[in-house]
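Trainee: Chains as they are written, first to last, in the numbering used here: chain A, 103 to 357; chain B, 243 to 477.
Think of the hints as simulated: they come from the structure by calculation, not from any bench. Note that CB positions come from ideal geometry on N, CA and C, so glycine has one too. One thing to keep in mind: the hints can contain errors.
[Said to hold, decoys possible] Here are the simulated SDA-like pairs of lysine to any residue, each with C-alpha atoms no more than 25 Å apart in a straight line:
id : chain 1 : residue 1 : chain 2 : residue 2
1  : A       : K357      : B       : P403
2  : B       : K448      : A       : G215
3  : A       : K105      : B       : P314
4  : A       : K105      : B       : E332
5  : A       : K105      : B       : H471
6  : A       : K357      : B       : H268
7  : A       : K105      : B       : E302
8  : A       : K105      : B       : E246
9  : B       : K432      : A       : D181
10 : B       : K448      : B       : F377
11 : A       : K105      : B       : M251
12 : B       : K432      : A       : G215
13 : B       : K448      : A       : F146
14 : A       : K357      : B       : L247
15 : B       : K448      : A       : E143
16 : A       : K105      : B       : F377
17 : A       : K357      : B       : L472
18 : A       : K357      : B       : H339
19 : B       : K432      : A       : A182
20 : A       : K357      : B       : D299
21 : A       : K105      : B       : V333
22 : A       : K357      : B       : S280
23 : B       : K432      : A       : A211
24 : A       : K105      : B       : P335
25 : B       : K448      : A       : S179
26 : A       : K357      : B       : A249
27 : A       : K357      : B       : D326
28 : A       : K357      : B       : E302
29 : B       : K448      : A       : T297
30 : A       : K357      : B       : Y336
31 : B       : K448      : A       : K105
32 : A       : K105      : B       : D326
33 : B       : K432      : A       : L138
34 : A       : K105      : B       : K432
35 : A       : K357      : B       : K432
[Stated by the list, open to error] Selected chain A positions facing chain B (in silico; Cβ < 7 Å):
id : residue
36 : L138
37 : N140
38 : A182
39 : A211
40 : E216
Chain by chain, the residues run as shown.
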Amino acid sequence: MLKRLRTWTRGLLGVRRDPTYYLPWLTRPGLDCVVLLNNIESRFTSGRQGRGLDARLTQFDSDGRVTSEQHATLVDSTDAREVRLVPAAAGYGFVTVEAPRIKSDLYVALADGETYTATHGRHEFIEHYPAWTRGVLAVVGALLAPLGLTVPVFARDQYVYHGAASRSHVLILNLSNVVNRVRLVAERNGARVGTRLVRIPPRGARLVDVGSLAPATSALTVEHLRLTGNAWFNLYLIGAGSEDLEGALSLMHVK
Amino acid sequence: MSSELSALMSATFHEVGHAHLVELVHQKDRAARRRLASLRLSAYDADGGLQLDRALDPAEEILDVAALLDEPARRHGRLLVVFDARYDPEVFPYRPHHYGYLHRAESTAPPLYYAVNATLGGVPDRIGAVALNNFETYLFLDRPMSGHHAVAVGNLSRFAPADAEVVSYYDGIRHVETVRLMPKAHTEVKLAPEREGHRLRRVELKALFRMASYVVGRRAGGELVLFDHLFTYFK
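When you get a sec, could you build the whole thing from the sequences and use the hints?
Mentor: Have a look at this one:
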């Protein structure tokens, strides 16, 4: 019922959803961010050509600006290509991959010269709102922002864990062409311990330190985060050790 | 609520010395309506010997795996941890998911979030699979690594032993290692970083039925830097 209502509302507002494969990116001094392109799935499935996969990678920075476009071609189904993402602006954002003949997952890795951590991207969509809808959202969003609120169109729940020796950051990706105001509420044992409203430009991203949202009170504190935005968004989790973002990092997708 | 319940079996591994938290249900909602009908945890040593078996309260949000299993893990080494859940398919139209968190005490390595491995549990329709789901693959970066990768694999069957074939690729070089696992037995198959001057590029895991499996990356001292699921393409 709710799904139908959402679909109907999107139609009324003229919202278009363009299928998009995206991955997060994050660069720090001494830390490379690499997308690992592959077409290995075609080796094991029928009906998909295994040869000559052309891919175009478009890298968006945290403010939604295109910072690079790169092309790569895979020779065959066992070929793999590493595409190094370009450090830019705040050092994070998302990258889209246009490769019409691939449906399998691609990897993004953070490599520190000794080891690396990796996760995969998502085949979802980017929402395109027509001008009038963008205008309405901008006005309503600006009215609600001083109250710390947003238009509650999408919500996600996420557990995060942090303490003195381990930090967690949430990389929020705005997968739409409107300004997305995302409200974060941290709860601990059912009690609210922190709130923040984050303004994310179209196709932009923001990195939120869970410790600054709700300081840890034990060696390992569990927070329940509820994120509510006025347009489609997704998130990745960044794990950091005692050196926080200056040290080695891990990266993880969530549903 | 549906009158019929579905089942999900999922699995992870636990090593002593790690903070290890697992959420019981990822798809939490504010009213906490999305909860499992029941959940049972069992833990097995490398030979498949049962070391712990207990019902969990599905209303709990986060399970402290280390608090529960550090003591048997200290005595028996790494444990295969099996979650046997029952859930209402109307509450979880696809299936429940749950994620975990791992961090070794006093480690400078970052903590790892990971997706707990869903292993069918006898209900392939709930996981979108129409064929046997027993072939998985994973790719590696082409660069030197301090430490090594491995495949952690466990046999979740109740009665049947299984041969798990771990095939690693080093450009043109193919290396096969087969391990026989009794029910609930598990092991970690170490992957050589290089063979004949070629780096590890890909690994495949094949078995007659779905195994509990993770790709593991370890620093030279054994610290975990990667704990990730492989990819299945037969659905």
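Trainee: Now tell me, hint by hint, if it's right for this structure.
Mentor: Do the hints match the structure? See the list:
no.	hint	verdict
1	A/K357 - B/P403	violated, 33 Å
2	B/K448 - A/G215	violated, 31 Å
3	A/K105 - B/P314	violated, 46 Å
4	A/K105 - B/E332	holds, 14 Å
5	A/K105 - B/H471	violated, 30 Å
6	A/K357 - B/H268	holds, 8 Å
7	A/K105 - B/E302	violated, 28 Å
8	A/K105 - B/E246	holds, 24 Å
9	B/K432 - A/D181	holds, 23 Å
10	B/K448 - B/F377	holds, 5 Å
11	A/K105 - B/M251	violated, 28 Å
12	B/K432 - A/G215	holds, 21 Å
13	B/K448 - A/F146	holds, 13 Å
14	A/K357 - B/L247	holds, 23 Å
15	B/K448 - A/E143	holds, 15 Å
16	A/K105 - B/F377	violated, 34 Å
17	A/K357 - B/L472	holds, 16 Å
18	A/K357 - B/H339	holds, 8 Å
19	B/K432 - A/A182	holds, 22 Å
20	A/K357 - B/D299	holds, 23 Å
21	A/K105 - B/V333	holds, 14 Å
22	A/K357 - B/S280	holds, 22 Å
23	B/K432 - A/A211	holds, 21 Å
24	A/K105 - B/P335	holds, 13 Å
25	B/K448 - A/S179	holds, 19 Å
26	A/K357 - B/A249	holds, 20 Å
27	A/K357 - B/D326	holds, 21 Å
28	A/K357 - B/E302	holds, 20 Å
29	B/K448 - A/T297	violated, 47 Å
30	A/K357 - B/Y336	holds, 12 Å
31	B/K448 - A/K105	violated, 38 Å
32	A/K105 - B/D326	violated, 30 Å
33	B/K432 - A/L138	holds, 22 Å
34	A/K105 - B/K432	violated, 46 Å
35	A/K357 - B/K432	violated, 29 Å
36	L138	holds, 6 Å
37	N140	holds, 6 Å
38	A182	holds, 6 Å
39	A211	holds, 6 Å
40	E216	holds, 4 Å
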